[in-house]
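For reference, the chains in residue letters:
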Amino acid sequence: MLEIRGVSYAYDGVEAVRNLSADFQRTQLVALTGPNGSGKSTLLKLLARVFPPDAGSIAFEDRKIADWQPKEYAKRVGYLPQDPDPTFPMRAIDVVLSGRAPFLGRFEWERETDDDAAREALALCDAAELSDRYLDAMSGGERKRVFLARVLAGRPKLILLDEPLASLDVSHVQQFSRLLRDIVTRTETVVIYATHDLNWAAAYSDRMLVMQRGSLALDGPPSELMRPEVVRDLFGFEARVVDGWLVPRLP
Amino acid sequence: MLLLLVALLIALFAASTFGTASVSWRDAIAGEPTARTVLFDIRLPRVLLAALVGAALASAGVTFQTLLRNPLADPFILGVSGGAACGAAITTALGLARVPGVVSIVAFIGACGATAAVFVLARRREHTDPTRLLLSGLVLNALFSAIILIAFALSPASDLTAALRWMMGTLFGATWSDVLLLFSFVTIAVATLVTFAGDLRMLAFGEDDAKSRGVDVERVKLIGFAASSIVTGAAVAVSGIIGFVGLLVPHLIRLIWRRDYRVLLPLSALGGAILLVLADLASRLTLPNSELPVGAFTAILGVPFFLSLLRRSR
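Protein chains in written order, with my numbering: chain A, 1 to 251; chain B, 1 to 314.
Honestly, I wouldn't trust all of these hints.
[To be verified] Straight-line distance between alpha carbons at most 30 angstroms, and here's what the computed DSS-like set of lysine-lysine pairs gives:
#1 B:K221 - A:K71
#2 B:K221 - A:K75
#3 A:K157 - A:K71
#4 A:K64 - A:K157
#5 A:K75 - A:K157
#6 B:K221 - A:K64
#7 A:K75 - A:K64
Hints in this document: simulated from the structure, not taken from any laboratory.
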C-alpha cells in the first residue's frame, strides 16, 4: 500500500532523512521511534505531502504520491502534526468537521454525511461527549482525542500521527495506545505514529521503526527491539527487560 | 447574517437622517433643494462610504488574523494602513491626486509593501510571534508617519491639515465617485476572499496541516494577502487611517458566532460596515458645531479591547 524507496530530504543543506526505504501493508500499527532530531517528523511530513522528497520516491496504492491530485490524496491519508492548534476558539465538532474539507468542492458546505462521519469519528475516539465543548476548555488528553477524530473523519487508509502521546500522563498514554490499536483493527488502516515511549509502543504496535540520523536503524516486530544489547546500541542506555518491559539500569 | 443585514440598513438610515443640519427625507424627495443637497450629495455618499470602509477594514482584519494565525492582527496595528496612507500622501504631495484611481493604486502599493515587511519581520516558523508582530507594526507606523509629514513639508503648497487627514482618518467630504471606486474594490476583493474561504479557514490550523489536506498554501496566502492589501489600500485612499475596526469587529463577531473563516468573513464585513457607520454618526453628533475625526472614535473603542486581547494572548 505504501512504498518508500531511497527517500532523502534536507533542510537548508542539513540532511534530515537519508536514503530511507520501507514497505507498509494494510492493517498495521507502526511505531516510529528514535532520538530527537533523528528525522521522524520529517519522514511523516514527506508521507503527508507537506513537502516533496529531494531524492527517491514514495508510492501510495501503486501510484507516486507526487502524481496524486492533492485533494484526492488528502481523502485517503490523514496527518496530525505535533502541536495542532486552530488559533481561535472552536467547538470540538467543528474541529472534527474541518477534517472533511478535502471532500468539499469550492463553494460546498458540509452535508449530513459529513456530519455523520464527524460524529462517528468522535465516537470512535471515545470523545462523543466532547462534541459541543470548546477546545480551549479541554485537557491535553481530550484535545488529543478530538484531533485524532479530526484525522479519522476523512476515513483515511493511511494515518500519520506526530507524537500523539507527548504530554499525556501515564494512564492516558495507555488509553490512547489502546485506542490506536482498536482503530487499526476496526478500520483496517495503517497507522504510523512517532513516539518516544518504547514500552507502550512495544506493548501495542505490530512493528517498530527506529530512526537514527535520518536513516532506518531497525525495522521489525517489537521483540527485535526490546533487547538490552539493541537498546544500548540504538538509544545509548543500559536496561534490562522484565516481563517484556524495558527497565533502565540506574548508575 | 440576516440580523446584521437589517441592523446595517437601520444604521444606514439613521446615519443619513441625523446630522448637524436638520433636513427630512420627505423634503428631499419632494424636491426641496437644500434637503436634496444635504441628503443626496453630502450625507448619503458619506454614510455609504463609511459602510464600505468599515467592511473593507473588517474583512482585511479577519483575513490577516487567519493568515498570520494571530488574534492581534489588524491593518492599522500591522502598519498596512500606514503604508497605504504613506503612498496616498506622497501621491497627493506630488500633485498626482487629481488623476482618478492613482491614489488608490499607490495606496495599494504602499499597503503591499507594508504587508510584505510585516511578513518578513514578524514571521518565525509556523506562528507569527505577537511581540515581533506588534513591534514591527509600531516601527513601521512611526516610519510612515514621518514620511507623510516629510511629504507634506516638502510639497509646494504645504498643508499640514491634509497630512493630518491621512493620519487621523475622516470621512468628511465623501463623494459619489469615492463610493463607486471603493465599492468596486471591496466587491472584487471580498468575492475573491469568499472564493478561497474554504482554503483560508484551513490555514488557521497551520501550514503543514493545510498542505496535508490538499490546500495550495502558497497560492492561498498570496491571494489572501493581496486581497487584504487591496481593500486596505482602497479604504485608506478615501478615508485616511481608521484604526482598530479590523481588530474589533472580527472579535466581536467571534463572541457571538464562534465559527470558521467562511462565516466570519461575510459577518465581519457586515459588522464592520455597521460599526463605522455608527462611529461616524457619533463623531458628527458629539459636539454641536464641529466634527471629531472618526479614527479617534474607533481608537477609543479599540484600544481597551486590544489591551484585553494582549493580556490574554500567549
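### Query
Which numbered hints turn out to be false for this structure?
When the structure is compared with the hints, none of them turns out to be violated.
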